[in-house]
Amino acid sequence: MAKELIVFIDMEIPEMLTRVEALKLEGYRLMQIHCTRVESGYEINYTFALDLPSQNLRIHIDREQEIPSISGIFPAAFLYENEIHDLFGLNITDMLIDYHGRFYRTSVPAPFGQAKKDTGGGE
Amino acid sequence: MRILPMAKIVLKSLFRKAATQMYPLITKEYYPATRGKVLNDTEFCIYCGMCQRKCPAGAIEVIRAKRYWALDPKRCVTCNYCVEVCPKKCMTMDKRYTAPSTN
Amino acid sequence: MGERTVIPFGPQHPVLLEPLHLDLVIEDEKVVKAMPSWGFVHRGLEKLAEKRDFIEFPFVAERICGVCSHSHGMAYTQAIEALMSLEIPVRAKYLRTILAEFSRINSHLLWLGLLANALGFESLFMHCWKLREKILDIVEETTGGRVIFGACRVGGVNRDIDAPTLARMSRLFTGMEKGFREIDGVFRKDYTVQKRLQETGALSRADAHLLGAVGPVAKGSGIPCDMRRLGYSVYNELDFQAVVETEGDSYARTSVRIKEIFQSVGLIQQAIAKIPAGEVSMKITGLPPVGEHFEMVEQPRGEAVYYVKGNGTRFLERFRVRNSTFANIPALLKILEGCELSDVPMLILSIDPCISCAER
Amino acid sequence: MKTVLTIVLFIVAAPLAGGLMAGLDRKAGAWMQSRVGPPLLQPFYDVAKLFSKQNIAVHKSQKYYVLCFLVFVILSGALFVAGQDLLLVIFALTLADVFLILGAYSVRSPYSYVGAERELVQMMAYEPMVIITAIGMYMVTKSFSVADIAAFEQNLFVKLPGIFIGLLFVLTGKLRKSPFDLSMSHHAHQEIVGGVLTEFSGAELAMVKIAYWYQNVFLLGLVCLFFASAFWLGVGAVMLTFFLEVFIDNNSARLTWQFTLASSWIAAAVLGMGNLVVLIFI
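Chains as they are written, first to last, in our numbering: chain S, 1 to 123; chain V, 1 to 103; chain H, 1 to 360; chain A, 1 to 282.
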């Protein structure tokens, strides 16, 4: 996908929620949600698409912060949110279907949430 | 809507040779490019460990001091990358697969 | 109103070859509710990107899935190339596209076989897979791998395909088209198959959009959601239209996939006719810069979203895959509600699930 | 004395014939699917292996139900070859099936339950047609006794073509072939796994398989009865029927129980009852 078609918009949680509702009314579909660990905490990307170009809403959060679920607006979001909860250990509230940490059966709890170790490649 | 459109195919197959083969009794013709299994001609190997470092599956173990080279066939994903990076070109990709074992 | 029973369906079930577990609440034989759970094959491949050199990682990315492996490799390499602003040789792009369409035919034939199997139609199942074998053979001959092609490398493809072989690849379909037409006739005209597929698992256009369905599921409900229209690789130079059906039932989804087989044949022939001479790979210098990139590709099963974030080292900061199965699960739950128990395997298959893709 | 010998011959030879038929079924099916297929004697190897397996019964009573199933299948076959009342034979076979269903109900497995329910539906689907067959045979030969029917000098098929075709229709379900292999399929590629047989294992499963061999021989004997006046014609009809069932199996998808029930009853009403009505007026 051409780079110019992807727009990243940084915002706060309340603003994000109103924006998501507006996007739904405009006929966007939820493309994906993903979380990335950054130095100051975590950032969550919400990608929406209308036909083909996409919009990315991005929020920055801390580990303890509660994130309201958007599965009430886009029902399909519950899968992504459970994934983020299980892999990063973040608190997402009011999910449509909450697996309470039993979505992924990982041997280590929240494996993606831990700080990156200095690895030199290989095993 | 048609009744029994499959009948033609089924009847044709009934009187033709089966498409399957009795592997491993009969092995198929492999292509020159087929990635079957990794072989190393240790006579020319300098045990540099390049293959070990590059292997995405961590299947190769090289100990330079002991002139030791081993491949764990269960971990190997036959991606051919070790063969590509080998500086001495002593590693080859055999086009035959590892034979099945019964035990 | 009958007694409610919960039937555990999967993760190991003879019909459902994917490690997906569903708790089906049934009333007599009617499914009232379906509750999914998974996590049986989570391998942490996204995390592995932090430990593997970005040049070596296509091998891992391809192994996310065994059927659409080529499109995973293609998506990963395209994402890295975009991140590094590399312009790879055009011939390499063409070769990738040709192989991607071969992989699509392979995937659809495999899926049609599995659908026939779920319907208890063994001979059709075997026949689809017999056709698929020819595709796999030519792919093995040209790339070296039957299932995992291993063709995509950052900066191009691993080996060139010479002109006579390309011509043979194009000619292959003159013989195979008859076979495709035969199975098309069975899937779309056979009374028993029609009886099972038509009007089961209907998904309206609005629902498909709201639930974020992608790929043949969305196309079957009338949404022309085909990422190839973005024109990545060389799709902008090829002439094609997204296949769309409007009924939204299992029959529509089957039709979409059968039509896509014919479409892929056309795309391969177009690409082989147009392919320019030249290099097939380029030398990579430098490292992925600090930055991020989204890459969308149309896999046989639907749209896949790749996200890569570089940090200026050999290892990616974050690598993320969202494949089509993940996006289609909510649609699956919707179509499972109110269906017959006997239709459950067929409906699960109708989204073409690949759990190892979805869990990575 | 002759009757006793016939019964003994049936008890010994029927499983051999049934097993060979099962092998042939798998072989012919494989050829139709472009496969090599298993050896002809594979069903015997399978059963021998099943007997050697560790015996795990989910529920104790299962064993007795399976035993009763086998005994009553053999009994119905024996009554048939002994030339007893056809109705008695049919109801003995029904009783046998009831034991299998009880066996499936005796364990708490949803797959087994659904399989048992479907088996009941299947019984409802084929039973009318089988009874019409007996009535049709009675109307032609004026006897329900298998011995009398077999000794009847005319070819029954000439007078009962509708009933014969109707019987072939329901036989598809009874022989566990697509499109009517609802409750249990030989391939186990089914939404309810093995259906009624899901919870049977080891020796019990082997016994069920042997019972099916007996039953298939008996069912094809019923087909043969239509051509009893000319023995070789009967054998030909049986072979053709068998091939046709394998062929249909490889030519159709599995249908739903609603469709099975409706189509079987329609077949019974149109072909069976139609044939009976014609018999009354000629």
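Since the hints were derived computationally from the structure, they do not count as laboratory data.
Just so you know, not all the hints are guaranteed correct.
Calculated lysine to aspartate or glutamate pairs in the DMTMM-like style (CA-CA distance at most 20 Å, straight line) [what the hints assert, rightly or not]:
1) K51(H) <-> D94(S)
2) K17(V) <-> D25(A)
3) K12(V) <-> D184(H)
4) K28(V) <-> D137(H)
5) K309(H) <-> E292(H)
6) K95(V) <-> E141(H)
7) K24(S) <-> D94(S)
8) K47(H) <-> E39(S)
9) K37(V) <-> E292(H)
10) K309(H) <-> E50(H)
11) K89(V) <-> E29(V)
>> Tell me the hint numbers this structure goes against, listed in increasing order.
In response: 1, 9, 11
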